[in-house]
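**Q** Protein chains in written order, with the working numbering: chain A, 3 to 532; chain B, 409 to 723; chain C, 538 to 1019; chain D, 83 to 358.
Derived by calculation from the structure, the hints in this document are not laboratory data. Since we're looking at a predicted model, the values are computed, not measured. Hints may contain errors.
[Unchecked claim] Reference excerpt, derived from the structure (chain C facing chain D, CB under 8 Å, subset only):
hint, residue
1, 662
2, 742
3, 743
4, 764
5, 766
6, 821
7, 877
8, 878
9, 881
10, 900
[As the list claims (entries may be wrong)] Sample of chain D residues lacking proximity to chain A, with all beta carbon distances greater than 10 Å (derived):
hint, residue
11, 119
12, 135
13, 137
14, 138
15, 166
16, 189
17, 200
18, 217
19, 223
20, 252
21, 256
22, 259
23, 326
[As the list claims (entries may be wrong)] Here are the simulated distance ranges between beta carbons:
hint, chain 1, residue 1, chain 2, residue 2, range
24, D, 197, C, 641, 28 to 36 Å
25, D, 118, C, 780, 13 to 21 Å
26, B, 707, A, 90, 37 to 45 Å
27, B, 479, D, 265, 50 to 58 Å
28, B, 587, C, 663, 52 to 60 Å
29, B, 707, C, 794, 42 to 50 Å
30, A, 152, D, 100, 29 to 37 Å
31, B, 587, C, 641, 41 to 49 Å
32, C, 602, B, 493, 43 to 51 Å
33, A, 140, D, 98, 33 to 41 Å
34, D, 103, A, 420, 40 to 48 Å
The C-beta atom is built at its ideal place from N, Cα and C for all residues, glycine as well.
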Amino acid sequence: MTGHADPPLLDLQEVSAHADGAERPLLDRVALTVVAGGVTAVVGPSGSGKTTLGLASLGASRNGVRLGGRALLAGTDLLGLSPARRPAARAGTAAHLPQHPETVLDPLRRAGGALTELAALGHPVRAARKAAARRVTALAGLDWEAVRRRFPHQLSGGQQQRLALASALVTGAELLVLDEPTSGLDPALAHALGRTVRALADGGAGVLLLSHDLRLVRETADRVLVLENGRVVDDGTAPDLLGTGAPLSADEPPAARHRATRELLAAEHGTGAAGRNTTPALAPGGGGVAATGVVVRRRSGDPLAGPVSLEFPPGSRTALLGPSGSGKTTFARVLAGLTTPTRGDVRFEGRPLPRRVDRRTAELRRVVQYVHQSSAESFEDHRPVLGQLAYTARLLRGLPEAEATAEAMEAAGALGLDEALLHRTPGRLSGGQLQRCALVRALTAQPALLVCDEVTSALDTVSRRRVLDALPRLLAPAGTALLFVSHDLPAVRALTTEAVLFDAGRCVRRGPVEEVLPAEGGPHGLSPAR
Amino acid sequence: MRAYLLRRSLLAVIQCLVVLVAVFAVGTLLPGDTADVLRGELGTPEQVAALRTQLGLDEPAWTRFGHWLGSLLTGHLGNSLTTGLPVGDDIGRRIGVTLLLGVPALVLVTVVAPLLGTVSGLREGSRTDRTLNTAAVVLHAVPEFVLGLLLVASVSLAAGLLPATAIGMDTAALIAQPAVLVLPVAVLTARHLCDLARQVRAGVAAGRHGPVAEHLRLLGTRERTVVLRHVLPGALGPAAQQFARCVEGLLGGAVLVESVFGFRGLGSGFVEAVQNRDLPQVQTYALLFAGTAVVVNLVGDLVAFRLAPRREVTA
Amino acid sequence: GGDTKDGGGGDRFRAAFTAGGSQETLDPHVAPNFVDQARAKALYDTLATYTDDMSARARLAESWESDTSGTRWRIRLRTAEFHDGNPVTAKDVLHSYRRAADPATGSPSQVLLSAIDFDASRADGERSVLFVLKAPNFEFPTVLAGPGTEIIPDGTKDFREPIGSGPFTYVSFTPGGTARYRRWADHWDGAPHIAELEIVPANEESARLNALLSGQVHYAADMAGASVERLKKEGSTRLLTARRATAQQLLLRTGRKPFDDPRLVRAVQLGIDREALVRVALAGHGEVGNDLFGMGLRGYPEDLEPRERDVDEARKLVAEAGAEGLAVTVETSSVDAAWEPAAELMARQLREFGLRLTANTRASSTYFSEIKTKGVAAFNTTSTLPVSDFLQQRVRGGAARNQTQYASEEFDALLDRARTTRGEQERLGLLARAQKIARDGSGLLVWAFSDANDAVGPSVSGLRAAPPNSHDWARFDRVRVG
Amino acid sequence: MTPRTKTDAVRTRARHPWIASALLGVPVLVALAGPWTAGDAPSAEGALPSQPPGAGHPLGTDVLGRDVLWLVLHGGASVLGSALGALLVGLAVGVPLGLLAAGPRRGFDESVMRGLDLLLAFPGLLVLMTLAATGHRDWYWLVTVAGILQVPAVARLVRGAALEPGSRTVVEALWMQGHGWAYIHLRHLARQLAAPLATDAGGRFAVVLYLLASANFLGLGLPSSSPDWAVLIERNSDALFTQPAAVLVPAGLLTALCVGGNLLVDRALARRRTDR
Ligand SMILES: Nc1ncnc2c1ncn2[C@@H]1O[C@H](COP(=O)(O)OP(=O)(O)OP(=O)(O)O)[C@@H](O)[C@H]1O
Ligand SMILES: Nc1ncnc2c1ncn2[C@@H]1O[C@H](COP(=O)(O)OP(=O)(O)OP(=O)(O)O)[C@@H](O)[C@H]1O
Ligand SMILES: [Mg+2]
Ligand SMILES: [Mg+2]
């Protein structure tokens, strides 16, 4: 650990953030330091200002947000510099992993080239760049040869996440600001990432970790700050604040931790079994949505997924599990009619659905609804979210506008979203807020099958609890079947009865959740049985 | 990619054929024929009829087209009806002139337009931007001949700096005296340059505030790199199409500039061929233009394809 | 010669013309455009040439004489050589005329030459030719000066390396491009003053003008309206203005409705405002026409009253013909810059007495062949020609170029009598009578004569204004530079 | 704390674009109000042609001896109308075609684009000449054809610009939500295309303008005597130096129009970007 004589790598003093038209500041005089060799974590409920803080610490802000205070990066006050001069101050010193990595990867550049170019920031010698790019790719958990020639859109969600991480690492920065680094990763990768972060810190880097993943924070952080409504409400070492991860003991003095911290910790455990209890009995005689013999290949003929045959009877709750890049999203997209299968089809009540969503009538579009993995990208950026949400019920169920809006608002409320939020444009919502909005949009269609692709990845423990609790209730009225694509095993346990395990595009195991999943607290991976 | 290229090349041949048939069909719709044009006002009906027989114009139209196509397949472009000489002769002479005008203009446009567009787009709203942008629009909106004539009057006639016209000069003479090319190339460039620069400008202005650019800056990437490696390529996607139009326009001959400055390039050649109702020649021009257009479009498509990769998953 | 230095060097003379494009040849017998004539004048000679009033003057011919009937003409040649050193002989003359008289050749003088009975005509020694005509014609000498009657060596079929007897020898030429010539020291009329002549094409008037103003050429042919004004202002250059050089005509097809009604023809004759037309359509560069071709030429009846505008009379005539509000289409094109303004103006003038005129603009290259068969009214121009030729070819009933379909036995008979009349005065008198008849009935309205303008650079001397087709127009062997 | 992260684009917002508005406004005003302010007939009919400004003719006369001021006042509406009309035809056909081509159906894409290539490869001049020769001389033919001639270029531009936004997640989400083709393409994607399209349209307006004008010399479209600005420029081009007003006044008006329009479009685009 470094001595206190060194100035901290990052020193935020009285940093505030204000948005036009927001009644309270997004950040309220936040102070924090990150020292070389240390990991400072910021946790807090969704919308508490983590992302805003992460950006502010690098002297940046999203559209319409004004910053105040001082952000000293290696002694330089970034906020005191003109925006044009900030990049130079950051170059090679600080790097950022954004919460939505898919939006920041240049769609025109292949992964290898983009990484090598960024390596120039930390590696003046040209020859060293390629090697550095290779190294960080491995460090981020990707196979260099496999991704080198790929464009970002040819990568799975988790792979994009890791590529963005690699781009942050490759700059050789001393300070890393990581915003939800594990959100798209399977447990094994998340665990590996934790080790990587720790190793980096031990190697002398400073890390500012913004995350709702308490497990990751426990494994890596030296210091933890709890943020609520833009204010730091709790501050301490990781063990002090977050404990060991075991359920809170009832005899702990309440004063030891702030209410917000306790809420976060409380929500981490004891996921309500309510969802499973209300599962209606499977309707006999089939019905519902079924995929038969679905195969997806690339143009070049490489298989991406399949052959897979699965049924989703009304009211069923199925989990789709598998390591990152195993073809989960690909399969889910086939169900939704977003990816055309090379072979096989998707049927509803025995009749094949048109393969592409734009060929489906409103009636048929309602059958399968899909929540994108990159939910933040699935909104039109120039109009308020509420109007966008209301369209589902208007267009697919023919409700009048007022009714549709009320229904969307109600569902949003059930998922913990304030009405005020919904009147903003998507650019002014946090990652977790948008993710829930996307869920609302699909839910209000009251589909026969709802496909959720990683809908808890951006949620803190409290919000996640609310979602897991509310979801069964929201699905029940229409007898909607659920396909829950996720790396979040506790959530899977809480929500689903059946599970399907994917590996390399194939369905390698299926059955009741308890049989497919490893025991709770066991090894982090999902080792496919062969 | 190779399969695609092959398919497109095959298609290109078919496209050219279709254009040829269409051009011929349209050509036969035009009133009068070569005999009428050649004998003109003074021709008596006997003279015109004699010439018509001599030129083979009394044969049915499609027989003539068949002949022409047949000779095309054997590598001959046929003989001009008006001169009786191989059509290649005249077009060959004119291509040189058009290339001398078009290629420098093209090079200028290619180099300067992205430059101006980028400078302007990066300073969107600034005085530099407004000045450049206004100049571009003015140059684009002023009729070409007005621009040409004003330039000649000021630069050549008043100041005596550059030759006023290129009349009586063939390719060799033009090469020997490149000063003649300066004004016409400037006029030619002006229009296309403005088009392209503004397109690049719009793309740059849009791309420089995009999430990717902001993120690269967050990582500490220098502004120059952000612009050159990310913003500009993104802006060039739509501009590539504009550029293709520009190549076509420049290589297809520029009728107006040619006539203002007295050049004999492909543009005036084509007009002349149509006026003379010299169908073999018209068709050869059409083949040339269609070929250029098809090739340019193919290249434009490949560039656009690279600059806007599609999400392809399945066959 | 790749040397393209600006003019003014003293020995090279550059002249810019509107050119015919890639269809051009150096075949003098196919000479549809003025530039062809200019080129032919450099390379070749004709037996005779036109003076400014279009009477024939001897050139290669030393003299001519006819028998009393006017059917047998003996032409004596002067001593002259072709560029290859061979003398110009009677045989060459016969070959040239035979070739030009063949319709397949396309000579503008073909109709006139076809009056020669070539089987009966013969060479009468080395330097004397006897032409026998199919019918008597005392105006025959004007044929000898016609365009497309140049003398080429016997047997010539190919004009890629042309040989003539003109003041310049051939150097190089590309169709539609520059034609280069060199002075021929052995020309019978004396060597040209300039060493080299270049005839360069420039179809755009502004290009010719700019080239002249910047000194790139010494001579710019065919300057119109605005360019003329600019040259006048310019001062340093000199305008060569041939007055009344072009007859501006409106052709009314008397063989078709509605102009088969002579009252309507007369209404138009009376109703158009010629003054205004000259002022506006010709920008003042012309003179009011009297519906007769050839003002100022030999054979033009000068003593006729000018036509006075009489709108009331015209209105009455239209009413009598029951044609009020009748829509008439006039064919025009961009062949002549004056036509479209004239059409526009006439439309307004005709409206005053009840005719609705609309213009139909046709493509310029096929305009003349189209109006041969289409439409009821059309614009036309004719540059200077001998009056008798004009009457024979354009006004006589059934003539190939008679586009108004005028047919009058009286007129034809007068023409025939004139041709066979030996006495000059008597002949011209008959022609004048014929013209008076045609003026009212032929439907060929000469509403104005426009000037022809050429311009020369400040260093040029030895050129004077002359009407196109005449001897002195675009003749560069007497030119001096410097 | 005072806001600091102001970009230059934001700064321009404060100022009203007086110059651009005036540049656009004057020609439009002249075009729309001109016919009322000037009488029905040109004053002093049959004056000398191409006379420089002087008594009775504040802007001189044109080649037909008509008062240039009167012509200018009367000739705006037709030029704006027909150029806008042609532009609209080009956009109305080209934009949907380009959007369709950028859609997921490769086969359709290929056939549309290759078909349009044909049109692009076909010499436009020949089309105009043929129209003139076959008697289709009315202005609406010209406007339609001039518009159609713009289609391939517009469609290609749209397709190129729509490929990337068209494959974004949000488009998929919109489909799934039940939106139709029209909403997704004409409302959602059109926003993305607005920048390149508006930029292109600004330039294309001038192209169409002069295409229409030059077609007059083929005897197409408006009669050569009409007061239309583009026709005026074309007809008086020879007199550029002796009576410059007849060319430069209408040309200046058209140029001002183009410049003003383009500058305003640029501002609107810049503003939208910073407002997001
Ligand atoms: N431009 C803006 N205008 C108004 N409010 C904004 C704006 N940007 C963000 N917000 C609000 O500020 C709060 C903080 O957002 P931020 O993205 O920092 O949250 P977060 O802690 O990262 O949340 P999550 O865990 O969901 O990602 C949110 O409630 C968000 O809705
Ligand atoms: N357009 C494409 N072209 C080529 N390969 C693709 C494309 N899309 C996805 N892939 C590859 O297909 C595989 C499966 O991707 P998919 O997105 O289905 O994974 P996933 O199971 O959802 O992963 P994650 O958990 O990371 O989201 C990945 O290896 C990915 O790289
Ligand atoms: Mg966040
Ligand atoms: Mg996925």
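**Q** Look at each hint and say if it fits the structure.
**A** The hints, checked one at a time:
1. Violation of the interface hint for residue 662 (chain C) is found here, the shortest Cβ-Cβ separation to chain D being roughly 55 Å, above the 8 Å cut-off.
2. The beta carbon of residue 742 (chain C) is positioned within 8 Å of a beta carbon in chain D (closest approach about 7 Å), and the interface hint is therefore held.
3. About 7 Å separates the beta-carbon of residue 743 (chain C) from the nearest beta-carbon of chain D, less than 8 Å, and the hint is met.
4. Given hint, residue 764 (chain C) at the interface with chain D, holds; its Cβ is 7 Å from that chain's nearest Cβ, closer than 8 Å.
5. Because the closest C-beta pair between residue 766 (chain C) and chain D is about 4 Å apart, less than 8 Å, the hint holds.
6. The beta carbon of residue 821 (chain C) is positioned within 8 Å of a beta carbon in chain D (closest approach about 6 Å), and the interface hint is therefore held.
7. At about 5 Å, the closest approach between the beta carbon of residue 877 (chain C) and any beta carbon in chain D falls short of 8 Å, and the interface hint on this residue holds.
8. The closest approach between the C-beta of residue 878 (chain C) and any C-beta of chain D is roughly 5 Å, which is under the 8 Å cut-off, so the hint is satisfied.
9. A distance limit of 8 Å between C-beta atoms decides the matter here; for residue 881 (chain C) the minimum to chain D is near 4 Å, and the interface restraint holds.
10. Hint status for residue 900 (chain C) relative to chain D: holds, with the closest Cβ pair at about 6 Å, below 8 Å.
11. Residue-level check passed: residue 119 (chain D) sits 42 Å from the nearest beta carbon of chain A, beyond 10 Å.
12. Even its closest Cβ contact with chain A, about 51 Å, leaves residue 135 (chain D) beyond 10 Å, as expected for a residue assigned away from the interface.
13. For residue 137 (chain D), the requirement that its beta carbon stay farther than 10 Å from each beta carbon of chain A is met, with the minimum near 58 Å.
14. The Cβ of residue 138 (chain D) sits about 56 Å from the closest Cβ of chain A, beyond the 10 Å cut-off, so the non-interface label holds.
15. Distance check on residue 166 (chain D): its Cβ is at least 27 Å (rounded) from any Cβ of chain A, clearing the 10 Å threshold; non-interface status holds.
16. For residue 189 (chain D), the condition that its CB be more than 10 Å from all CB atoms of chain A holds, with the nearest at approximately 13 Å.
17. A cut-off of 10 Å between C-beta atoms confirms that residue 200 (chain D) is not in contact with chain A; the least separation is 27 Å.
18. For residue 217 (chain D), the condition that its CB be more than 10 Å from all CB atoms of chain A holds, with the nearest at approximately 45 Å.
19. Distance check for residue 223 (chain D) against chain A: the nearest CB is about 37 Å away, which clears 10 Å, and the non-interface claim stands.
20. Distance check on residue 252 (chain D): its Cβ comes as close as 5 Å (rounded) to a Cβ of chain A, failing to clear the 10 Å threshold; non-interface status is violated.
21. Remark: the non-interface label on residue 256 (chain D) conflicts with the geometry, its nearest Cβ contact in chain A lying 8 Å away (cut-off 10 Å).
22. A Cβ of chain A approaches the Cβ of residue 259 (chain D) within 10 Å, the least distance being about 5 Å, so the stated non-interface status is violated.
23. At roughly 46 Å from the closest C-beta of chain A, the C-beta of residue 326 (chain D) stays outside 10 Å, upholding its exclusion from the interface.
24. Distance hint for residue 197 (chain D) and residue 641 (chain C): a CB-CB separation of about 46 Å, inconsistent with the stated range 28 to 36 Å.
25. The beta-carbon spacing between residue 118 (chain D) and residue 780 (chain C), approximately 46 Å, falls outside the hinted interval of 13 to 21 Å.
26. As the Cβ distance of residue 707 (chain B) to residue 90 (chain A) is approximately 38 Å, the hint placing it in 37 to 45 Å holds.
27. Remark: the range hint 50 to 58 Å for residue 479 (chain B) to residue 265 (chain D) is upheld by a beta-carbon distance near 55 Å.
28. Separated by about 54 Å at the C-beta atoms, residue 587 (chain B) and residue 663 (chain C) satisfy the suggested range of 52 to 60 Å.
29. Distance hint for residue 707 (chain B) and residue 794 (chain C): a CB-CB separation of about 59 Å, inconsistent with the stated range 42 to 50 Å.
30. A hinted range of 29 to 37 Å for the beta carbons of residue 152 (chain A) and residue 100 (chain D) is inconsistent with their spacing of about 51 Å.
31. Residue 587 (chain B) and residue 641 (chain C) have their C-beta atoms about 47 Å apart, which keeps the hinted 41 to 49 Å range intact.
32. Remark: the range hint 43 to 51 Å for residue 602 (chain C) to residue 493 (chain B) is upheld by a beta-carbon distance near 44 Å.
33. Hint check: residue 140 (chain A) to residue 98 (chain D), Cβ distance near 57 Å, so the stated range 33 to 41 Å is violated.
34. Our hint of 40 to 48 Å for residue 103 (chain D) and residue 420 (chain A) holds, since their Cβ atoms are close to 42 Å apart.
Taken one by one, the earlier hints fail for this structure at numbers 1, 20, 21, 22, 24, 25, 29, 30 and 33, listed in ascending order.
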